[in-house]
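Quick note, the sequences are listed as chains A and B, same order. Residue numbers for the first sequence follow numbering that gives the first Met the number 0, beginning at 0 and rising by one. Residue numbers for the second sequence follow numbering that gives the first Met the number 0, beginning at 0 and rising by one.
Because the hints were derived from the structure by calculation, they are not lab data. It is possible that some hints are incorrect.
In silico DSBU-like cross-links for lysine-lysine, where the CA-CA straight-line distance does not exceed 35 Å [what the hints assert, rightly or not]:
id, chain 1, residue 1, chain 2, residue 2
1, A, K162, B, K13
2, B, K13, B, K112
3, A, K142, B, K160
4, A, K6, A, K187
5, B, K393, A, K114
6, A, K114, B, K13
7, A, K15, B, K390
8, A, K160, B, K393
9, B, K112, A, K69
10, A, K15, B, K393
11, B, K135, B, K162
12, A, K6, B, K112
13, B, K367, B, K13
14, A, K116, B, K112
15, B, K156, B, K212
16, A, K116, A, K142
17, B, K390, A, K114
18, B, K160, A, K162
19, B, K390, A, K69
20, B, K13, A, K142
21, B, K390, A, K142
22, B, K348, B, K393
23, A, K160, B, K390
24, B, K13, A, K116
25, A, K116, B, K232
26, A, K208, A, K187
27, B, K135, B, K160
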Amino acid sequence: MSIIEIKDLTKVYDAKSLPVHAVNGVNLTIETGEFTAIVGPSGSGKTTLLNIVGGLDDPTSGDVIIDGIKINELSSRQKTDFRMRNIGFVFQAYNLIPVFTSRENVEFIMHLQGKPKDERESRTNELLEAVGLGDRMNSRPNKLSGGQQQRVAVARALASKPKFILADEPTANLDSKSTENLLEIMEKLNKEENITFIFSTHDQRVVNKAKRVITLQDGAIISDIRN
Amino acid sequence: MIPSFAWRNLWRNKLRSFIIIAAVTLGIFAGIFLTAFINGMVNSRIQSIISTEMSHIQIHQSGFLDNDQFSLLIENADSVVRLVCETPDVVAASKRIIINSMVASAETGTGVKIIGIDPENEIKVTELSSKIISGKYIDSTDHNPVVISERLAGKLKVSLKNKIIITVQDVNKNITGGAFRIVGIFRTDNSMFDEANIFVRGTDLSRLTGLKKHEGHEVAILLKKNETDDVTKTLSGLFPNLEVKSWKQLSPEAGYLVSAMNQYMFIFIIVILIALCFGIINTMLMVIMERIHELGMLMAIGMNRARVFAMIMLETVFLSLTGGITGLILGYTAIKYFAKAGINLYFWKEAFSELGYSSYIYPVIDSKTMIITAILVMIAGIFSALYPAYKALKLNPSEAIRTQ
């Protein structure tokens with residue numbers, strides 16, 4: 000069942016002076032349970048595509064339909080609410096809140112959603128255990144390694160029970176071992192929990208794990224290979 | 000969680016937050032301490048006016064205050080004193096004879112106000128007896144005693160036990176005089192008052208001028224509290240043919256002093272807060288600039304703009320309140336200490352005395368001023384937060400995330 004439908008998506012920057020087609024007529028469908036890598040050289044439009052799919056940016060034309068809702072037609076406030084409830088984000092730079100512990104970083108989304116305390120606590124424990132950080136719940140990010148921080152970020156992304164997770168270069172700042180650990184966790188979550196992951200990446204290790212690899216060049220899809 | 004988040008964010012850069020909090024603390028401390036100091040000065044002046052110069056209320060014959068005419072007498076002044084003492088809230092009352100005339104020593108002479116007092120009642124109404132620095136207060140035993148100020152003694156080049164000549168006009172408008180021996184020398188905080196007034200026994204002055212025993216020019220009244228309106232109204236009704244005035248009416252500039260100083264000090268505090276606002280706004284704008292990436296991330300994961308706005312507002316208000324409350328606590332502590340110990344501005348004693356102020360200041364502040372200051376600090380914090388929070392609202396999440 001398709002969770003994301005992208006129809007004739009275009010994003011043009013500086014339309015009046017020197018137009019740059021960051022995304023150029025992309026058509027794409029993502030199914031539930033996919034483990035998809037979007038690859039391409041720098042400037043190919045990967046991050047722009049992910050930002051539009053995540054409701055962080057608006058297309059110049061075309062539609063992004065998530066679970067039957069055209070998110071490009073939502074207001075800013077509606078998009079924020081939609082992201083909170085439906086989309087998980089894992090960023091390249093981990094982006095944990097430095098003044099919160101691992102537990103608090105994971106709980107934060109559920110606070111925003113208004114979930115009761117019991118539910119927040121039990122889900123946080125479950126997620127941090129799932130990413131192998133059950134013993135680092137009360138540590139702040141500055142006490143965690145890069146790999147551990149990224150795992151907390153994954154747990155945070157999963158906290159809201161999102162429809163899919165967008166991961167923009169999640170392994171870019173990690174060493175080999177941390178990358179391996181992170182990918183194992185994500186793969187496990189994908190297989191056991193059927194969580195959809197969409198990566199933007201330059202990392203061959205991610206591509207090797209991916210079930211589907213979409214290649215972008217100059218804002219357009221030039222190949223779409225399922226493994 | 001947002002308040003907790005905001006509070007913790009304050010301490011991410013401890014030095015920067017500490018500097019701003021210290022600035023707010025110092026500003027508020029200075030504001031309320033100065034307010035208390037000025038209050039202390041004003042209270043001291045008012046107290047001096049009441050306890051030494053005017054008392055709470057004075058009664059005169061109509062027109063006496065405008066003309067100072069010897070003939071404008073309260074004919075039954077003793078009865079007036081008796082009736083006044085029966086009025087609720089009155090502590091004591093005293094009859095006075097008041098004559099503007101001349102006093103001379105062997106060396107020189109000068110114009111003074113000669114105040115003939117009833118020593119036994121006067122001591123209950125004013126603190127003159129406590130201002131005697133050498134000699135004694137007027138009693139019933141001496142012949143023609145006079146009490147003058149240290150300043151006037153210096154001017155006349157006289158000292159204790161010397162005689163001075165008082166020249167007056169009697170009831171028949173004849174010039175007459177008498178020799179009076181200095182039994183006591185006083186010193187108040189008001190050098191103008193000291194130079195202008197001398198005190199003799201009322202009966203001596205009556206005998207010299209030919210006044211009848213029960214006549215007088217003034218009845219000075221001391222009350223239990225400084226609020227005079229009710230008693231003034233009561234006495235005005237009791238003596239409809241006489242002029243009954245409170246110290247505020249007798250010395251309007253002193254009355255205005257209290258309300259004017261309160262207003263000036265609030266303006267001063269507001270000016271301090273406005274200045275501090277700029278510092279807080281600058282700091283919070285730096286905070287926003289440093290955290291653009293993080294704010295973009297927060298909006299990306301689902302923190303809506305209202306919550307981002309609330310978080311920035313709370314951080315700013317916490318910053319202001321932390322400094323403000325610390326300043327209030329430190330200020331209150333200092334005020335409480337100096338309210339007992341006093342602040343001795345001895346190096347400005349002469350200058351203060353020329354203006355009628357004591358150089359020993361006991362600061363005082365009321366809870367209403369503290370509460371209003373705390374509210375103003377919160378308002379300043381909210382006001383300071385508006386622009387930085389607005390800047391945070393205008394961020395585009397996708398662009399903000401890309402910012403390093």
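*Report the numbers of all earlier hints that the structure fails to satisfy, in ascending order.*
1, 2, 3, 9, 12, 14, 18, 22, 25
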